[in-house]
Amino acid sequence: MEEGHNSDGKENALCGRSLTAASRDGGGRMSAVPLAQRKVEGGKVYSGDGVLGYLEMLEAQAHELGLKQEEKEQQEKKLDRLKARVQELRARRDELQAKVELQEKRLLDKEALVTDPARPSAQTVLEWKVKSIKGMLQVFYLTGISGKLTKQGVCFCISTAYEGTYLDSYYVDLLINPEVKIQRHSVPVFIPLEQIAKKYLQSDIRRFMSVLSDHLNAYVGRRHQADQLEEHFSDRIEGTLQRNSLCNLLVFNYTVSSDSKTFPFNVRLLYGNLCCSLPTEAILSCTPGTLPLLAKMAAAHSNTFRQMALHKAFDSIINAKESQD
Amino acid sequence: MDEVIVEYIRRTVLKIPRDEIMAVLQKWGFLSEAQLQTINFRQTKESISHSVAQLCEESSANIKQAALLDIIYNHIYPNKRAWSVYRMNKTGEETDFFDFRDFKKKFRRQIQSALINVTINFREYEDNAIWIRIAWGTPYTKPNQYKTSYVVYHSQTPYVFISASTLRSNLPLLCQAMVVASNYHDIREMELRSHCLNSLKDIVFKRYSQNFQTNYPLQERNVLTENVDLRINDENSSEKERIHRLNQECFGDGPQPKLDFAQYKLETMFKSDPKWDVLEKKEPFRCLVKFSSPHLLESLKSLAPAGLADAPLSPLLTCIPQKARNYFKIREKKSLHPGNFVALFQLQDSSETQHMPILST
Numbered sequence: 009m010e011e012g013h014n015s016d017g018k019e020n021a022l023c024g025r026s027l028t029a030a031s032r033d034g035g036g037r038m039s040a041v042p043l044a045q046r047k048v049e050g051g052k053v054y055s056g057d058g059v060l061g062y063l064e065m066l067e068a069q070a071h072e073l074g075l076k077q078e079e080k081e082q083q084e085k086k087l088d089r090l091k092a093r094v095q096e097l098r099a100r101r102d103e104l105q106a107k108v109e110l111q112e113k114r115l116l117d118k119e120a121l122v123t124d125p126a127r128p129s130a131q132t133v134l135e136w137k138v139k140s141i142k143g144m145l146q147v148f149y150l151t152g153i154s155g156k157l158t159k160q161g162v163c164f165c166i167s168t169a170y171e172g173t174y175l176d177s178y179y180v181d182l183l184i185n186p187e188v189k190i191q192r193h194s195v196p197v198f199i200p201l202e203q204i205a206k207k208y209l210q211s212d213i214r215r216f217m218s219v220l221s222d223h224l225n226a227y228v229g230r231r232h233q234a235d236q237l238e239e240h241f242s243d244r245i246e247g248t249l250q251r252n253s254l255c256n257l258l259v260f261n262y263t264v265s266s267d268s269k270t271f272p273f274n275v276r277l278l279y280g281n282l283c284c285s286l287p288t289e290a291i292l293s294c295t296p297g298t299l300p301l302l303a304k305m306a307a308a309h310s311n312t313f314r315q316m317a318l319h320k321a322f323d324s325i326i327n328a329k330e331s332q333d
Numbered sequence: 013m014d015e016v017i018v019e020y021i022r023r024t025v026l027k028i029p030r031d032e033i034m035a036v037l038q039k040w041g042f043l044s045e046a047q048l049q050t051i052n053f054r055q056t057k058e059s060i061s062h063s064v065a066q067l068c069e070e071s072s073a074n075i076k077q078a079a080l081l082d083i084i085y086n087h088i089y090p091n092k093r094a095w096s097v098y099r100m101n102k103t104g105e106e107t108d109f110f111d112f113r114d115f116k117k118k119f120r121r122q123i124q125s126a127l128i129n130v131t132i133n134f135r136e137y138e139d140n141a142i143w144i145r146i147a148w149g150t151p152y153t154k155p156n157q158y159k160t161s162y163v164v165y166h167s168q169t170p171y172v173f174i175s176a177s178t179l180r181s182n183l184p185l186l187c188q189a190m191v192v193a194s195n196y197h198d199i200r201e202m203e204l205r206s207h208c209l210n211s212l213k214d215i216v217f218k219r220y221s222q223n224f225q226t227n228y229p230l231q232e233r234n235v236l237t238e239n240v241d242l243r244i245n246d247e248n249s250s251e252k253e254r255i256h257r258l259n260q261e262c263f264g265d266g267p268q269p270k271l272d273f274a275q276y277k278l279e280t281m282f283k284s285d286p287k288w289d290v291l292e293k294k295e296p297f298r299c300l301v302k303f304s305s306p307h308l309l310e311s312l313k314s315l316a317p318a319g320l321a322d323a324p325l326s327p328l329l330t331c332i333p334q335k336a337r338n339y340f341k342i343r344e345k346k347s348l349h350p351g352n353f354v355a356l357f358q359l360q361d362s363s364e365t366q367h368m369p370i371l372s373t
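First to last, the sequence lines map onto chains X and A. The numbering of the first sequence is our numbering, which starts it at 9 and goes up by one. The numbering of the second sequence is our numbering, which starts it at 13 and goes up by one.
Hints were generated in silico from the structure; no laboratory data involved. Owing to the predicted nature of the structure, the values given are computational and were not obtained by experimental measurement. Every residue gets a Cβ at the ideal spot worked out from N, C-alpha and C, and that includes glycine. Among the hints, a few may not be true.
[Stated by the list, open to error] Partial list, computed: chain X residues near chain A (C-beta under 10 Å):
#1 Lys142
#2 Ser154
#3 Thr158
#4 Asp181
#5 Gln191
#6 Arg192
#7 His193
#8 Ser194
#9 Val197
#10 Phe198
#11 Gln203
#12 Leu254
#13 Cys255
#14 Arg276
[Stated by the list, open to error] The calculated lysine to any residue pairs, modelled on SDA-like cross-linking and capped at a C-alpha distance of 20 Å, are:
#15 A:Lys252 - A:Asp265
#16 X:Lys137 - A:Asn227
#17 X:Lys207 - A:Gly104
#18 X:Lys207 - A:Lys102
#19 X:Lys159 - A:Cys331
#20 X:Lys156 - A:Asn227
#21 A:Lys102 - A:Asp114
#22 A:Lys218 - X:Ile199
#23 A:Lys335 - X:Val195
#24 A:Lys335 - X:Gln160
#25 X:Lys113 - X:Glu103
#26 X:Lys189 - A:Ala336
#27 X:Lys159 - A:Thr226
#28 A:Lys39 - X:Gly247
#29 A:Lys102 - X:Val195
#30 X:Lys156 - A:Gly264
#31 A:Lys57 - A:Trp40
#32 A:Lys92 - A:Ser305
#33 X:Lys156 - A:Gln222
#34 X:Lys156 - A:Ser221
#35 A:Lys27 - A:Leu43
With the sequences and hints as input, model every part of the structure.
This is how it looks when you write it as structure tokens:
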């Protein structure tokens, strides 16, 4: 009998039985040990002493360790999974970012296109083209001879001018088939159009247009000079300026003064060349008897009329006279 | 002599509308301002004319003054007379210096060499138009101032406008005088007559607006702008525009010369189905078609837009200003295919022939 142990154990056994009733009855034989001496692990109470108890404890530990390990593994797995997901998301984010950047770049480029003055839009290009063509047509018109193709031929426009002033425009509508013919025109009837056409129209259209243009420009020039003379110097002319349709014969009277006496002059200007706007002859006549005195002046005036435009010539004659006086 | 002249002046004044008598007399310039002030222009025309006649008698008006008044009256109111157009030809190419003094001398000499009893007066206007008034007499009687012919001529042009009035027997003499005085060779009458002298001038001088195609000045396409009410839709707008465009091509944009009539003399065969032998004798059907109007060309221009005719109009109607004629004679053309119902008519014109299709079945 072991009294030492039993004494403790007896006391404890009483207590132990009540306590160990709740605990595992594995071995069936439980020793009553005071509570303070029992090792409580994980809410389980093992009997402290004894190899089995120790083994139990170890087993429990191992079990728990195993559990922990399992948990750990699971957590690691989860962590891996999450890491992978993060990778995935990162990759996706990068992709989208790249797309956005590309889009932005494109937009920037486009904006750059619009704001860049060296690259205009289609609308402005078209407007500029139309404007330049209009300008080109105006230039052609201002050169004097311009034309437009029609269904049956061509319609020429001769725009006349004299010393920088643009005057009337005349049109000639030509038919081309079977031979070149004038269909209709707005040339004045006193211009010898039929003669010019007979000479040049069939053989050389360019020459025809050039000759006709010369005639018209010269006529318009002569008429302009006569108009200017009447407009500015009607007070210096006695009576009226006599002219004809072609303005190739102009007759008028004016007075000259010499030695404080006034003499009437009569001028006959003949324009023999219909393509020229200066007179071929300037015949001055005065009252009979006065010619010897005024011969020099008459000759000078005649020269002036033949060399300068009529209104300018008359202007210089008047002013020269006044300066003489 | 004086009473005749004074009476003539009085009758001329009577022709003028009352409100314009003062202006005409001022243009005439024979009566001074002071004398004109003495006339009461509120009276009846009869009284006014008597006042004027009185003043002219006091001032000893001569035949030249009376003729001048008549020229001025006819220049202001040319549409009271019927004018026809004559065309002169010459073969030479030399430059003609038309001298008005020479012209007057030659003309007068030519007429008076054949008939001494004439009164001839000239007046030149700013547009280079020369008005000639001739009062005709006979070898045995003095010139009758009421039987006058007028000639209007623009220098260096081949066209002469003559209003012969009653005495047509003197026409050859008049034409001859014109030819000689203006250095031409011959003269013939054109088939162009009207009351409106300026329109005749427009036609032969090509002063009316012909629709020339140009690149510059840029021709704005004038769209028919009417009161655009957006609630109204024009179903026929494309057709309207087509008619408008064709009309523009034929007649141009501007005002048309004023003609009174166009006369077409038809001497054509009656065309019908051969089995209905209507005419036993195959003779040309003689027919005269005359279009009259206060303003013929404007009315022709408005035919198509008004829906009364198809556009484009027949070239016989639209060629009037271009060919400068309003008398046409249409004859049958000897067609090469007798079975062909397409009738081609030939316009008789001494200078050219033109074949224009009119009917086709």
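Comparing the hints with the structure gives:
Proximity of Lys142 of chain X to chain A holds as hinted, the smallest CB-CB distance being about 7 Å (cut-off 10 Å). Satisfaction of the interface hint for Ser154 of chain X is found here, the shortest Cβ-Cβ separation to chain A being roughly 6 Å, below the 10 Å cut-off. This hint holds: Thr158 of chain X has a C-beta 5 Å from the nearest C-beta of chain A, less than the 10 Å allowed. Because the closest C-beta pair between Asp181 of chain X and chain A is about 6 Å apart, less than 10 Å, the hint holds.
For the restraint placing Gln191 of chain X at the interface with chain A, the shortest Cβ-Cβ distance is roughly 9 Å, inside the 10 Å limit, so the hint holds. Satisfaction of the interface hint for Arg192 of chain X is found here, the shortest Cβ-Cβ separation to chain A being roughly 6 Å, below the 10 Å cut-off. The closest approach between the C-beta of His193 of chain X and any C-beta of chain A is roughly 7 Å, which is under the 10 Å cut-off, so the hint is satisfied. Hint status for Ser194 of chain X: holds, given a least beta-carbon distance of 5 Å to chain A, under 10 Å.
A distance limit of 10 Å between C-beta atoms decides the matter here; for Val197 of chain X the minimum to chain A is near 5 Å, and the interface restraint holds. Satisfaction of the interface hint for Phe198 of chain X is found here, the shortest Cβ-Cβ separation to chain A being roughly 4 Å, below the 10 Å cut-off. Hint status for Gln203 of chain X: holds, given a least beta-carbon distance of 6 Å to chain A, under 10 Å. For Leu254 of chain X, the interface hint holds, since its Cβ comes within 10 Å of a Cβ in chain A; the closest pair sits about 5 Å apart.
Taking 10 Å as the C-beta cut-off, the interface hint given for Cys255 of chain X holds, the closest approach to chain A being about 9 Å. A distance limit of 10 Å between C-beta atoms decides the matter here; for Arg276 of chain X the minimum to chain A is near 9 Å, and the interface restraint holds. Only pairs whose Cα atoms come within 20 Å are accepted, and Lys252 of chain A paired with Asp265 of chain A is accepted, the gap being roughly 16 Å. Our distance criterion of 20 Å between C-alpha atoms is met by Lys137 of chain X and Asn227 of chain A, whose separation comes to about 16 Å.
About 14 Å separates the Cα atoms of Lys207 of chain X and Gly104 of chain A, which keeps this hinted pair within 20 Å; it holds. A C-alpha spacing of about 16 Å is found between Lys207 of chain X and Lys102 of chain A, which places the hinted pair at or below 20 Å, so the restraint holds. In summary, the hint linking Lys159 of chain X to Cys331 of chain A is supported, as the alpha carbons are separated by about 19 Å, within the 20 Å threshold. Using a Cα cut-off of 20 Å, the hinted pair Lys156 of chain X and Asn227 of chain A holds, with the two alpha carbons roughly 6 Å apart.
Between the alpha carbons of Lys102 of chain A and Asp114 of chain A the distance comes to roughly 18 Å, so the proposed pair stays at or under 20 Å and holds. For a cut-off of 20 Å, the pair hint linking Lys218 of chain A to Ile199 of chain X stands: about 12 Å separates their Cα positions. The straight-line distance between the Cα atoms of Lys335 of chain A and Val195 of chain X is roughly 16 Å, inside the 20 Å bound, and the hint therefore holds. With a C-alpha separation of about 19 Å, the suggested pair Lys335 of chain A and Gln160 of chain X falls inside the 20 Å cut-off, and the hint holds.
Between Lys113 of chain X and Glu103 of chain X the CA atoms are separated by roughly 15 Å; this keeps the pair inside 20 Å, and the hint holds. For the proposed pair Lys189 of chain X and Ala336 of chain A, the alpha carbon gap of about 18 Å is at most 20 Å, so the pair holds. Simply put, Lys159 of chain X and Thr226 of chain A have alpha-carbon atoms about 13 Å apart, close enough for the 20 Å limit, and the pair holds. A C-alpha spacing of about 17 Å is found between Lys39 of chain A and Gly247 of chain X, which places the hinted pair at or below 20 Å, so the restraint holds.
Our distance criterion of 20 Å between C-alpha atoms is met by Lys102 of chain A and Val195 of chain X, whose separation comes to about 19 Å. A distance of roughly 17 Å separates the Cα atoms of Lys156 of chain X and Gly264 of chain A; the hinted pair therefore holds under the 20 Å criterion. Among the hinted pairs, Lys57 of chain A with Trp40 of chain A is consistent with the structure: their alpha-carbon atoms are about 18 Å apart, no more than 20 Å. Under the criterion of a C-alpha separation no larger than 20 Å, the hint pairing Lys92 of chain A with Ser305 of chain A is consistent with the structure, at around 16 Å.
Straight-line distance between C-alpha atoms of Lys156 of chain X and Gln222 of chain A comes to about 15 Å, which keeps the hinted pair within the 20 Å bound. Straight-line distance between C-alpha atoms of Lys156 of chain X and Ser221 of chain A comes to about 18 Å, which keeps the hinted pair within the 20 Å bound. For the proposed pair Lys27 of chain A and Leu43 of chain A, the alpha carbon gap of about 18 Å is at most 20 Å, so the pair holds.
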